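**Student:** Given chain A, work out where chain B should sit, using these hints.
Number of protein chains: 2
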Amino acid sequence: MLIKRKIKTMRRAIISSTKLIMFTILSILLLAACGEQKTNKVAAVGAAEPIKTYQWKMVTSWPKNFPGLGIGPETFAKYVDEMSAGRLTVQVYGAGELVPGFEVFDAVSQGTVQMGHSGAYYWKGKIPASVIFGAIPFGMTTSEFNAWLQYGGGLALWQELYKPFGIVPMAGGSSGAQFAGWFKKEINSIADLKGLKMRIPGLGGEVMKRAGALPVTLTGGEIFSSLQSGAIDASEWVGPYNDLAFGFHQAAQYYYSSVWHETGTSLEFLINEKALASLPKDLQKIVEVAARAVNQDMHDEYNARNHVALKTLIEKHNVQLRKLPDDVLQELKKYTEQVLAEQVENDQGFAKVWQSYSEFLSSIREYNDLTLKEYFQHR
Amino acid sequence: MLIKRKIKTMRRAIISSTKLIMFTILSILLLAACGEQKTNKVAAVGAAEPIKTYQWKMVTSWPKNFPGLGIGPETFAKYVDEMSAGRLTVQVYGAGELVPGFEVFDAVSQGTVQMGHSGAYYWKGKIPASVIFGAIPFGMTTSEFNAWLQYGGGLALWQELYKPFGIVPMAGGSSGAQFAGWFKKEINSIADLKGLKMRIPGLGGEVMKRAGALPVTLTGGEIFSSLQSGAIDASEWVGPYNDLAFGFHQAAQYYYSSVWHETGTSLEFLINEKALASLPKDLQKIVEVAARAVNQDMHDEYNARNHVALKTLIEKHNVQLRKLPDDVLQELKKYTEQVLAEQVENDQGFAKVWQSYSEFLSSIREYNDLTLKEYFQHR
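Chains as they are written, first to last, in this note's numbering: chain A, 1 to 379; chain B, 1 to 379.
Only chain A is shown next, with the shape it has when bound in the complex:
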């Protein structure tokens, strides 16, 4: 193993230079230490083959290595590096390291970097329909969304949407169904939302506005201090695993588990179209399959960590767990229908994607009512 790794490292360092003589000498030295098969390989390289390598950069909207969200891109880079034997390497950057978290889309579009990892709803100012590929209030669960994407026409619509920007999108993991969030006071009726300053982006924010709240958009890293200082009264983020990592329980007392605004939040890989096309076919496939695998892996991680983190929050940090009252949820659902109807009216792109999404949701919802919902009730 060690010898193989040495060969790889040396090969990479040397190819970029032109010192062919030195390379030949090294090859001969390595030959002495290798078995027959490796010998041939090294000889071939020494003889003429300049193995073409690709060094990519991936910018993200998360702190580097942030649990879940930030681990997905790292896992992708690891898969690709190992499957390609180092021919394609991807350097991952946290939000703000190369570009700010909300400029990931532009950086990939302009070709400043080859890849990004983010959430599609962040680009709703540019592409209204993008929210559908991130999260829609009262929308699909993660499993339903993945089925629509891969076998219900969703992916083709998404690709069409990003095409004018020279970006190829791929599903990039899911945090699953998200909690309603952290509140400094209890919510007992829809009236309690009036005047509430809450960090909640995307269409969920639009819905909250109709309920009388004052939605604001903040990056993850800004939430804690805003909650603590009283600049905001409430905030959603992701769920127990991520929320525990940010320590929100130290800034707000009530944790509302009710799922409504992000029901199966999907992340995204953004790939510069030209960069992808410039790869040989096998590396293109490696990128595609690695993304599929990470899409599941991140969801697995959230599913395994969330229930453990929730126990820690309740048992160790005395967090008060709450549910939104049914009538509040029904009001939010009513406002959601209004917001979606307006989006459909105002933007053709949104209307087109929504038709496909809502038809699929309506059919699979009936099916899951018969199967999973019933099962959750009687198991």
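No wet-lab data here; the hints were simulated from the structure. Misleading hints may appear alongside valid ones.
Copies of the same chain look alike in the list, so a pair counts if it fits in one copy or across any two.
In silico DMTMM-like cross-links for lysine to aspartate or glutamate, where the CA-CA straight-line distance does not exceed 20 Å [to be verified]:
| id | residue 1 | residue 2 |
| --- | --- | --- |
| 1 | Lys126 | Asp106 |
| 2 | Lys311 | Glu374 |
| 3 | Lys316 | Glu366 |
| 4 | Lys209 | Asp233 |
| 5 | Lys323 | Glu366 |
| 6 | Lys52 | Asp282 |
| 7 | Lys334 | Glu374 |
| 8 | Lys311 | Glu366 |
| 9 | Lys352 | Glu337 |
| 10 | Lys184 | Asp369 |
| 11 | Lys163 | Asp106 |
| 12 | Lys311 | Glu359 |
| 13 | Lys64 | Glu74 |
Since we're looking at a predicted model, the values are computed, not measured.
**Tutor:** This is chain B only, laid out in the frame that chain A set:
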């Protein structure tokens, strides 16, 4: 595109022979049609590199190309072929083509073939705990199972279980929550199960036996004629997508949707340990990541097809959709607890895996009751 494929095909054909002169001539001809980068690549191959290729065989427990179950192995083979640029090819065989469907495990263990695709519960006679990696009555959903497998210790336990047989197991897709199945007469009480001849394998069959039924094990291909001839009164198989493909609606009238005996059925890839170890590291990783991607892909396919197939069954074939009465489900649950307790008592391996599985299930069930179950109720 065409030229690149040509190069690959030619390279493969030529490398196995020793006609170096002819190769050189062809290389020169191709050089004329290629850009600089491709030129170098072809020249390098022409010079000395004997690219090592691997041809694997994968036997399965399903009819070749059977919807869902049989597509998973084909997708795996395609991914691996494309990601490895043809260095690893996998020839997929349907049940009975090389070995019978229920001999997949032995064939992989003995090294007759390098790989298999099957369901772990088929090996319960050999390894009682294997059922836990296929389906357990009143067990985890697909998402819960994947989380336990990858981040809850499940995979390590599974590997330990198959290790004495020289097999490395990997998750190989999921059909999701399965329907209770097809019945020739309605089930209105637990008494209606008495004397019922039903095709139902695994622990579900054990549970049915306690309820007074006569469970039998048949391969998928044997079910239709047995139902039609009256040799059996009822049968479970998978769900609408697969059941429609077999035409069971022509042999039984009542279709019970209730999920209880296979709540998140997982399939498996079986890989001969020595064959896997003989691959270079990059191909090993390609096998692992392709399996992860297929694991999600198959589930996506079922999720997208099942609800459409159910509509076809009801609207086109007038199938009578039914639910098992609550008291029947509660009885089945009670028998399930008895069956599981006996398994734990009789087999140390089962007890060890069950402890991990049941603890994880108990914790994630509480969490999903708060999130997904509530959401299914109010969306």
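**Student:** Evaluate each hint against the coordinates.
**Tutor:** Now the hints, each set against the structure:
For the identical chains of this complex, Lys126 and Asp106 are intra-copy neighbours only, at 10 Å inside a copy versus 57 Å across copies, given an alpha-carbon limit of 20 Å. For the homomeric pair Lys311 and Glu374, the shortest alpha-carbon distance between copies (18 Å) is at most 20 Å, but the shortest distance inside one copy (26 Å) is not. Within a single copy, Lys316 and Glu366 get their C-alpha atoms only as close as 39 Å, which misses the 20 Å cut-off; across copies the closest is 18 Å, which meets it. For the homomeric pair Lys209 and Asp233, the shortest alpha-carbon distance inside one copy (14 Å) is at most 20 Å, but the shortest distance between copies (58 Å) is not.
With identical chains, the CA atoms of Lys323 and Glu366 are at most 20 Å apart between copies only, with a shortest distance of 14 Å across copies and 24 Å within one. For a Cα distance limit of 20 Å, the shortest separation of Lys52 from Asp282 qualifies both inside one copy, at 13 Å, and across copies, at 16 Å. In this assembly of identical chains, the alpha carbons of Lys334 and Glu374 lie at most 20 Å apart only when taken from different copies (18 Å versus 25 Å within one copy). For the identical chains of this complex, Lys311 and Glu366 are inter-copy neighbours only, at 10 Å across copies versus 32 Å inside a copy, given an alpha-carbon limit of 20 Å.
Proximity of Lys352 to Glu337 under the C-alpha cut-off of 20 Å is restricted to the intra-copy arrangement: shortest distance 17 Å within a copy versus 49 Å between copies. With identical chains, the CA atoms of Lys184 and Asp369 are never at most 20 Å apart, being 34 Å at best within one copy and 24 Å at best between copies. In the homo-oligomer, the alpha carbons of Lys163 and Asp106 lie at most 20 Å apart inside one protomer (13 Å), although the nearest pairing across protomers, at 49 Å, exceeds that limit. Taking CA atoms no more than 20 Å apart as the test, Lys311 paired with Glu359 passes between copies only; the shortest distance there is 14 Å, against 37 Å inside one copy.
In this assembly of identical chains, the alpha carbons of Lys64 and Glu74 lie at most 20 Å apart only when taken from the same copy (9 Å versus 37 Å across copies).
In summary, the structure is inconsistent with hint 10 from the numbered list given earlier, while agreeing with all the others.
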